[in-house]
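Engineer: Residues per chain are reported as follows:
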Amino acid sequence: MPMEITIAVPTHPVDSFEASYVHLPSEEGSMGVLQNHAPLRCVLDTGIVTCRLPDASERAFFVSGGLAMIADNKVLVLADTAEPAEDIDIERVRAAEERARKRLLDQTSDTDRARAEASLKRSLFRLKANQAAGR
Amino acid sequence: MAVDLQKLKRKMRGVTSTRQVTRALQMVSAMKMRKAQEQSERSRVYRAGLLELMASFDSPPWEAVPELAAAPSGNHVMLVTYGSDRGLCGPFNSNVLSAVQHLGDEIGRENLEIRCVGVKVGSTLRRRGFNVVSNMRRPAEVDRIVFKQEVGRLLQEDWASGKYRMIKILSTALRGMTVLKPAIGDWLPLAGEPASASKQEKGFAKDFIDEQSSNSVFAAAIRKHLDNEILTALMESEAAEHVARMIAMDNATRNAEELFSRLQLTFNKARQAKITQEICEIVSGANAIRA
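Residue numbers (the working numbering), protein chains in the order written: chain A, 1 to 135; chain B, 1001 to 1291.
Everything labelled a hint here was simulated from the structure, so no lab data went into it. Please note that a few of the clues may not be correct.
Chain B is faced by these chain A residues, among others (derived, beta-carbon under 7 Å) [stated by the list, open to error]: (1) Ala-8; (2) Pro-10; (3) His-12; (4) Ser-26; (5) Glu-28; (6) Gly-32; (7) Ala-38; (8) Leu-40; (9) Cys-42; (10) Val-43; (11) Met-69; (12) Leu-78.
Computed list of chain A residues with no C-beta within reach of chain B, every gap over 12 Å [to be verified]: (13) Pro-13; (14) Glu-27; (15) Leu-53; (16) Gly-66; (17) Ala-79; (18) Asp-80; (19) Ala-116; (20) Ser-123; (21) Gln-131.
If the Cβ cut is set under 10 Å, some of the chain B residues that face chain A in the computed set are [claimed, not checked]: (22) Gln-1039; (23) Leu-1053; (24) Ser-1094; (25) Ser-1098; (26) Ile-1145; (27) Asp-1210; (28) Ser-1261; (29) Glu-1281.
Since we're looking at a predicted model, the values are computed, not measured. We put the beta carbon where it would ideally sit given N, CA and C, even for glycine.
Work out the full structure, taking the sequences as your base and the hints as a guide.
Structural biologist: Structure follows, in structure tokens:
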């Protein structure tokens, strides 16, 4: 019996489907979920949610932080933003990465630096998610 | 007959163009309403999930968010109102205004501070002498998330200043196609209310493992819940605004139609009277010549 995974962001549900294995980017480190997992809650970091479907194909989603809850073979991912890897606009991500790197090189205030770092992290994970989907 | 046909004609033209405008506005609102309602519905998945997650805490560890659950110290009340940026939406804004007035009478105007979303309500409240701290426009669709974070941050700062004993949200919701009266909900302090929302569906308590400490998961959930409430109120009141405007414009169109048909009748009568009079004159003139 596969698990049911639902990914939602504040404005809309992103996707919902059945999966046999889900990989979550928890803040404490990444984490794999198989069926009949014990009930669990965690805070998510920026990263990639990877799901293996019952037909052994894989789907990847980029998420930028959020919460997850696992109970009764249901995985609920409440992300701040989430995008299916295949929908990621590579050109835009590369531009964002460039910008973030440039801002990091300039000597700026701490808040700007933290923001640029977060932005760079998002860009890198988006690229990675997209590559994972391309495989 | 002393009816000025030209004047009547002009009036009829005026009413016709008013009717065209109100009908166009009605159709635009209908379209926007459908979209806003759909968006509001789509946002429910996340909201329901978040409530479910918070309900899964058996005894909410309020100590995880001491600053949010703290006994309120100040004596002011911060109210966030959701109104419209523009008028022509029937009683939508005035209902919000009267709810604010009511609250002001209840707790004393001097204790009430207001942050307005939707400038129409804000400027009226200012004129009436309420203490409007900020008056924001409704954000465009793409800016909603930024708006949510921005307002969330502002309100958290307000709360941290210790000046307020509570922060409330005033917003208008829809039930089906009926615009409800604006309702005031509590935002802070937290009173264990979010957890009770879906408690009944829980059969037996599950023992959740928390990847991080329970407290930090709970704190993160609470913060997201607070931010999300700002977004929910925004989307709901937006859908309600469009319904209110649609109904108002429908009424206006119908009134214009009624007025037009009355004018048409007067005009036709006057024109007929004029023709009759002219025939009379011609006939009597001809008779005079023949005689």
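Engineer: Taking the hints in turn, state whether each one holds.
Structural biologist: Comparing the hints with the structure gives:
{"no.": "1", "hint": "Ala-8", "result": "4 Å, holds"}
{"no.": "2", "hint": "Pro-10", "result": "5 Å, holds"}
{"no.": "3", "hint": "His-12", "result": "4 Å, holds"}
{"no.": "4", "hint": "Ser-26", "result": "5 Å, holds"}
{"no.": "5", "hint": "Glu-28", "result": "5 Å, holds"}
{"no.": "6", "hint": "Gly-32", "result": "12 Å, violated"}
{"no.": "7", "hint": "Ala-38", "result": "6 Å, holds"}
{"no.": "8", "hint": "Leu-40", "result": "5 Å, holds"}
{"no.": "9", "hint": "Cys-42", "result": "3 Å, holds"}
{"no.": "10", "hint": "Val-43", "result": "5 Å, holds"}
{"no.": "11", "hint": "Met-69", "result": "5 Å, holds"}
{"no.": "12", "hint": "Leu-78", "result": "5 Å, holds"}
{"no.": "13", "hint": "Pro-13", "result": "4 Å, violated"}
{"no.": "14", "hint": "Glu-27", "result": "6 Å, violated"}
{"no.": "15", "hint": "Leu-53", "result": "21 Å, holds"}
{"no.": "16", "hint": "Gly-66", "result": "8 Å, violated"}
{"no.": "17", "hint": "Ala-79", "result": "9 Å, violated"}
{"no.": "18", "hint": "Asp-80", "result": "8 Å, violated"}
{"no.": "19", "hint": "Ala-116", "result": "18 Å, holds"}
{"no.": "20", "hint": "Ser-123", "result": "18 Å, holds"}
{"no.": "21", "hint": "Gln-131", "result": "26 Å, holds"}
{"no.": "22", "hint": "Gln-1039", "result": "7 Å, holds"}
{"no.": "23", "hint": "Leu-1053", "result": "5 Å, holds"}
{"no.": "24", "hint": "Ser-1094", "result": "30 Å, violated"}
{"no.": "25", "hint": "Ser-1098", "result": "31 Å, violated"}
{"no.": "26", "hint": "Ile-1145", "result": "7 Å, holds"}
{"no.": "27", "hint": "Asp-1210", "result": "5 Å, holds"}
{"no.": "28", "hint": "Ser-1261", "result": "46 Å, violated"}
{"no.": "29", "hint": "Glu-1281", "result": "74 Å, violated"}
The structure fails to meet hints 6, 13, 14, 16, 17, 18, 24, 25, 28, 29 from the earlier list, while all remaining hints are met.
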